[in-house]
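4 protein chains.
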Amino acid sequence: MRLTPTPSDKFTFGLWTVGNRGRDPFGEFVRPPLDPVRAVRRLAELGAYGVNFHDNDLVPIDATADERDRIVRDFRQALDATGMTVPMATTNLFTDPVFKDGAFTSHDADVRAYALHKTMRAMDLGVELGAKTYVFWGGREGAEVDAAKDPIEAIKRFRDAINFLCKYARDQKYALRFALEAKPNEPRGDIYFATTASYLAFIPTLDDPDMVGVNPEVAHEQMAGLNVYHVVAQAIEAGKLFHIDLNDQKPGRFDQDLRFASESIKPLFFLVKLLEDSGYDGPRHFDAHAYRTEDEQGVWDFACGCMRTYLILKEKAQQFRAHAGIQALLSEIREGGEGGEAPYSSQRARELKARNFDRQALASRRLPYERLDQMVVDLLLGV
Amino acid sequence: MRLTPTPSDKFTFGLWTVGNRGRDPFGEFVRPPLDPVRAVRRLAELGAYGVNFHDNDLVPIDATADERDRIVRDFRQALDATGMTVPMATTNLFTDPVFKDGAFTSHDADVRAYALHKTMRAMDLGVELGAKTYVFWGGREGAEVDAAKDPIEAIKRFRDAINFLCKYARDQKYALRFALEAKPNEPRGDIYFATTASYLAFIPTLDDPDMVGVNPEVAHEQMAGLNVYHVVAQAIEAGKLFHIDLNDQKPGRFDQDLRFASESIKPLFFLVKLLEDSGYDGPRHFDAHAYRTEDEQGVWDFACGCMRTYLILKEKAQQFRAHAGIQALLSEIREGGEGGEAPYSSQRARELKARNFDRQALASRRLPYERLDQMVVDLLLGV
Amino acid sequence: MRLTPTPSDKFTFGLWTVGNRGRDPFGEFVRPPLDPVRAVRRLAELGAYGVNFHDNDLVPIDATADERDRIVRDFRQALDATGMTVPMATTNLFTDPVFKDGAFTSHDADVRAYALHKTMRAMDLGVELGAKTYVFWGGREGAEVDAAKDPIEAIKRFRDAINFLCKYARDQKYALRFALEAKPNEPRGDIYFATTASYLAFIPTLDDPDMVGVNPEVAHEQMAGLNVYHVVAQAIEAGKLFHIDLNDQKPGRFDQDLRFASESIKPLFFLVKLLEDSGYDGPRHFDAHAYRTEDEQGVWDFACGCMRTYLILKEKAQQFRAHAGIQALLSEIREGGEGGEAPYSSQRARELKARNFDRQALASRRLPYERLDQMVVDLLLGV
Amino acid sequence: MRLTPTPSDKFTFGLWTVGNRGRDPFGEFVRPPLDPVRAVRRLAELGAYGVNFHDNDLVPIDATADERDRIVRDFRQALDATGMTVPMATTNLFTDPVFKDGAFTSHDADVRAYALHKTMRAMDLGVELGAKTYVFWGGREGAEVDAAKDPIEAIKRFRDAINFLCKYARDQKYALRFALEAKPNEPRGDIYFATTASYLAFIPTLDDPDMVGVNPEVAHEQMAGLNVYHVVAQAIEAGKLFHIDLNDQKPGRFDQDLRFASESIKPLFFLVKLLEDSGYDGPRHFDAHAYRTEDEQGVWDFACGCMRTYLILKEKAQQFRAHAGIQALLSEIREGGEGGEAPYSSQRARELKARNFDRQALASRRLPYERLDQMVVDLLLGV
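Residue numbers (my numbering), protein chains in the order written: chain A, 1 to 383; chain B, 1 to 383; chain C, 1 to 383; chain D, 1 to 383.
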């Protein structure tokens, strides 16, 4: 079993993930700032493929043009020196108080304009450093007070913004695809487009739907208790899995951003298997962070752990495919299910309506799912 | 305040709702069967507009053709005598053991065929009695064992079935629209198409997307902790709110189907306001049931309560629109937000990118949401 | 209906609540610091009874002795000038990185010693300013990694600390009672003593159990989806409701600390009714904060709203008691239930075992709960 | 690794678990009744230690005395023939409509009397067949309508009942211990004593607290999102773990009663480790059932799977104790933490208050929890 990551595994981390300083609603920073250049070098040493960022992860919001240029130059040198890539970039539209009531969906036309301004500049920065995917997480696009904001208007405003920015990317000849990332709540009481499916429903209403897909995040779907394997499957079936955020989360609580598969071993085995089976060839991006109890060494332990567990689960997916007992059971279970539905015709409808069915016989068919599931548990536990 | 319902309010109930006999996972029936004819008569007396049914709510699954005809005749007479309508019908694809592992998404081609057979016959029955909307709730389309079923294949099978049935409806010249109803779990560990948004994403991939919309259910979205007001807003914005199931639910637990707005007073006030403001003119369908502690009289108390609270909240929505203090605050909050985004042009992009923004000034804009929300609480509490 | 608060209502706020500056996991401060003296003055003007604090809400953790004395003197003058009280104080054992893996339950004996040191000094401060109740919220006493810490050892360490501090209070002749406050998670993955009931179970194992009770917080119980009315009832029945934190929360998500009863109108009506009916005469403490979208004016709107809604619900509790229809139904429902159980005797056991029961007759007794609950909804909605 | 269960493992199943017929709120029975005698024989063959029951799992509620005697005789013969034991028994106080609004907490004194009658007779039956533990799960002791019932009165009524029944057991010279089992909701909207901790708090208030402990159920705690490992640890620390119900559950949804550790691999590893480390020597009772998709063969697959995974996790707990890397990290982590707190003295308090602490130095101590947790994941995955 190969457990040492290489760039061909396409593992990526956000600057904000390894750079997370451990502040939380009840506590202050526990780790010093991490220089992006150092992040690039250490991640390269650990076998990562690339690094992603929000504009302000790299360039402070109040940096001068000179500062920006110096930062970008140093960062690019680190990328060049290490062979690391920047497959994805995104905009921070949530930290600054200006976005306290939303960015693209703010009531304030000036705030909306500023959000476009900031995003175009961040797109320029991302593309300059090689980004091919641009993520939108609307963390402040939501409400605590439903009297104050119209959720229909919010959708329209968000659509206007995405349409505008698609056109900007086309206009600039940027080879960018957009990936929309959902979350049900936190920091807002309720965030608009609460689930990946909300964005899958939204995309066909855009002016340029082919350019836009989704960036499901494990933790965000699990916060709502949803089965993330099913969620990603729908995105893949729709041809819209443009990026993915891997981490972990216990359902029904605050956003934990735990080390990948450190909690949800079985569900995330199926997710890894799905990604590998589906031909998804984009980055495996870890949007997680080390426990607040860690120092910097612990951050690298965390990063290694994310990649290691992915590789273990990938290997187990291979074992699943090669497991005679599992495959025999699957054949038995799927027997009789093959063949697409016959297309509709009046005659087929007539025949189907007239056909006699023996419900008891159909209901008595054996479905040995306990046995199958136990084989999966055995496989996961390495028995 | 008018609190007595009339048919023009378009309140409807399922036969299975007032006919619910109070069985649950830990207890037996507590109420005797309710004759559908009696249900129609009592609901008419109480001011309802119509009654909806699953095929087997009206006609037992093993009824002979003669029994079916007699039942339908008696039922129609009750409708005619009372003026009650049947705006919606649906298929029971979950009670019989034949559906234990799904209907349209079963591995077994014969089960899938039987599900089509049963649905076509149920559509015939529904249309015969006047149904204009046909609901699909795939309660058994899901999994406990993700090894056993492929969620991508499940989507494809579900699509095949809906495409087939759309064509059947067209072929039969049925003036039917389909409404898809989501639920995250129960009775399955995880149900495919877990949220209304999953179906909104699915519909554009159908052969005949205009014919298909959604039937959001309050409780089902709230089981996942989602904001049902936001969910329904997205459906309305997409032009896809074809029907709605009103009830109530505490988040993060079993499907409760509580009396409308008996728990979630504030969220459901906004939902009623949205329905009334949006021009939605379909049925206000209550998919709920009386507590298991009730006898038949309690069932009618329950039905009256659903309608009464809807009317109260509708009246409060009117008060909200007429409330000088609320409207003044809303004007203040929305000031500066009017006007759509300017359409994209290279020049506008250039100008926006070059524009200077005073973030501190923008961030300091007052947003008196506590005050507004308290006014809403006062209004709801009748102060 | 009297909606203007007076000190006799015993409404209190934490300095950290009105002083909350709106930082969250994704955003920076939006409000400037609020001087504790100003907080006291404004709250007094609004009709509050008192103000509570963590040691470092008032005195910064690195303050010199002189700074401490000056701050305390100014604060006391504000209290004296306004008549405001300090009924409760508590220790901040969570913000500083030293507590990143716990305070009383830390593996590090020095951290545990520092936690005792800090708490004793904070108790001195609290008592100096008049506190009669001392709250313990062990926000960092928990784990993300269950391999790292022994939950049994954690209980023992927490017990040692509370026993030690009880003795310190006795030794100092402090007229203090301790109130333990539970929370299921956040900031830790799981916090030890996850619910109020965990502390109710823990208290009888202390050396001085009479001195220790609980401080249930609405939001913390609701995070776990528990019925806070039932939780507080158990605390009252046990004689252990020493303090209470009032706020609001949607279940199954991050700790929201919303304005009292801004979401959970019906559950918190029952809570207010319980407090008023039970003879609880302690502070009604609001442990909540204004939305991050507010400026300082919004903070006072928030504070007014908490008190106003409490008073409205208190008035409605009075209406409930005086409502002829509700009381008639309650009499009907409770009929036959009066009279305690006969005490055990061998003869009574024999007779009971031999008695014949008509289950059908007993089961058919009418329980008009839908009707009763609708009357409550009507009462809440002011109809 | 020994994966074949033997009676010395003390694995037990309820008759209602292997006898579960697969009915759910939306579907009918899928499996025929399972004869208790057959259940005993098959479980014995599979290596179980014993079988537990509710009175009516064995003897139908309307059985005549002769029928009862015949059933008990046949059942005892099966026990004798197989060497199977009955370590635990309990009362069904939830299925019959008579209990629709509670048993021991019903408003109706006759229902409360009937609940005592039924429980005493069920205790006689349990003891006759060898039960040493008697479980109380108050599935109907709760409310949907908080106006209708007083939760304080409910606690008192429940206490009266348990006190009465303790005295009955003493009077009969039954060597029984009682174990109270909590659940937050389902079938009731909210069940009184929602968590195991609620019962731990209740027990010290009984007349005979030594006789009464708890029966935590994994699924019930996880329904509320609680950490079941922490919950059971508190019960053990209190000396009150008298029995345990092992199964599995995804948080925040209906009661799933899944095969042990089929979902929550890591949390239940820690639970198994705790049980084994703590010296708990009672039954490992599986309160779960096969998926509704299974036939009888699947029921035995399910039973085997529960025991097999327990044995795997038990073996992994042994590996954990023997794992050099894990133990070295634990030593490092625990260093400096040894030694109980010094007992209180005035002098120690003075010294502690005066001591200087270097917060920065204490905060900088390394806590390599990511590394440790990854070792646990590796161990679980068999890498």
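Mixed in with the good hints, there may be bad ones.
Copies of the same chain are indistinguishable here, so a pair counts whether it falls within one copy or spans any two.
Said to hold, decoys possible - Below, a list of computed lysine-lysine pairs in the DSS-like style, where the Cα atoms sit at most 30 Å apart:
no.	residue 1	residue 2
1	Lys156	Lys273
2	Lys273	Lys314
3	Lys353	Lys132
4	Lys353	Lys10
5	Lys314	Lys167
6	Lys314	Lys156
7	Lys273	Lys173
8	Lys353	Lys273
9	Lys273	Lys167
10	Lys314	Lys353
11	Lys273	Lys10
12	Lys167	Lys353
13	Lys132	Lys273
14	Lys314	Lys173
15	Lys353	Lys173
16	Lys156	Lys353
17	Lys132	Lys314
18	Lys156	Lys167
19	Lys156	Lys173
Think of the hints as simulated: they come from the structure by calculation, not from any bench.
Quick rundown of the hints versus the structure:
1. Proximity of Lys156 to Lys273 under the C-alpha cut-off of 30 Å is restricted to the inter-copy arrangement: shortest distance 19 Å between copies versus 37 Å within a copy.
2. In this assembly of identical chains, the alpha carbons of Lys273 and Lys314 lie at most 30 Å apart whether taken from the same copy (6 Å) or from different copies (28 Å).
3. For a Cα distance limit of 30 Å, the shortest separation of Lys353 from Lys132 across copies, 21 Å, qualifies, whereas the shortest one inside one copy, 52 Å, does not.
4. For the identical chains of this complex, Lys353 and Lys10 are neighbours neither inside a copy (52 Å) nor across copies (33 Å), given an alpha-carbon limit of 30 Å.
5. Taking the closest pair of Cα atoms, Lys314 and Lys167 never come within 30 Å of each other, the shortest separation being 38 Å inside a single copy and 42 Å across copies.
6. Proximity of Lys314 to Lys156 under the C-alpha cut-off of 30 Å is restricted to the inter-copy arrangement: shortest distance 26 Å between copies versus 40 Å within a copy.
7. For the homomeric pair Lys273 and Lys173, neither the shortest alpha-carbon distance inside one copy (35 Å) nor that between copies (45 Å) is at most 30 Å.
8. Taking the shortest alpha-carbon separations for Lys353 and Lys273, neither the intra-copy value of 39 Å nor the inter-copy value of 43 Å comes in at or below 30 Å.
9. For a Cα distance limit of 30 Å, the shortest separation of Lys273 from Lys167 qualifies neither inside one copy, at 36 Å, nor across copies, at 36 Å.
10. For the identical chains of this complex, Lys314 and Lys353 are neighbours neither inside a copy (45 Å) nor across copies (44 Å), given an alpha-carbon limit of 30 Å.
11. Proximity of Lys273 and Lys10 under a CA criterion of 30 Å is satisfied intra-copy only: 16 Å inside one chain copy versus 37 Å between copies.
12. Taking the closest pair of Cα atoms, Lys167 and Lys353 come within 30 Å of each other only across two copies (14 Å); inside a single copy the shortest separation is 51 Å, beyond that limit.
13. In the homo-oligomer, the alpha carbons of Lys132 and Lys273 lie at most 30 Å apart inside one protomer (25 Å), although the nearest pairing across protomers, at 43 Å, exceeds that limit.
14. Neither within a single protomer nor between protomers do Lys314 and Lys173 lie at most 30 Å apart by alpha-carbon distance, with minima of 36 Å and 51 Å respectively.
15. Taking CA atoms no more than 30 Å apart as the test, Lys353 paired with Lys173 passes between copies only; the shortest distance there is 17 Å, against 55 Å inside one copy.
16. Proximity of Lys156 to Lys353 under the C-alpha cut-off of 30 Å is restricted to the inter-copy arrangement: shortest distance 22 Å between copies versus 44 Å within a copy.
17. Taking the shortest alpha-carbon separations for Lys132 and Lys314, only the intra-copy value of 25 Å comes in at or below 30 Å, while the best inter-copy value is 48 Å.
18. For the homomeric pair Lys156 and Lys167, the shortest alpha-carbon distance inside one copy (17 Å) is at most 30 Å, but the shortest distance between copies (33 Å) is not.
19. Taking identical chains as interchangeable, the C-alpha atoms of Lys156 and Lys173 lie at most 30 Å apart only when both belong to the same chain, with a minimum of 26 Å there against 36 Å between chains.
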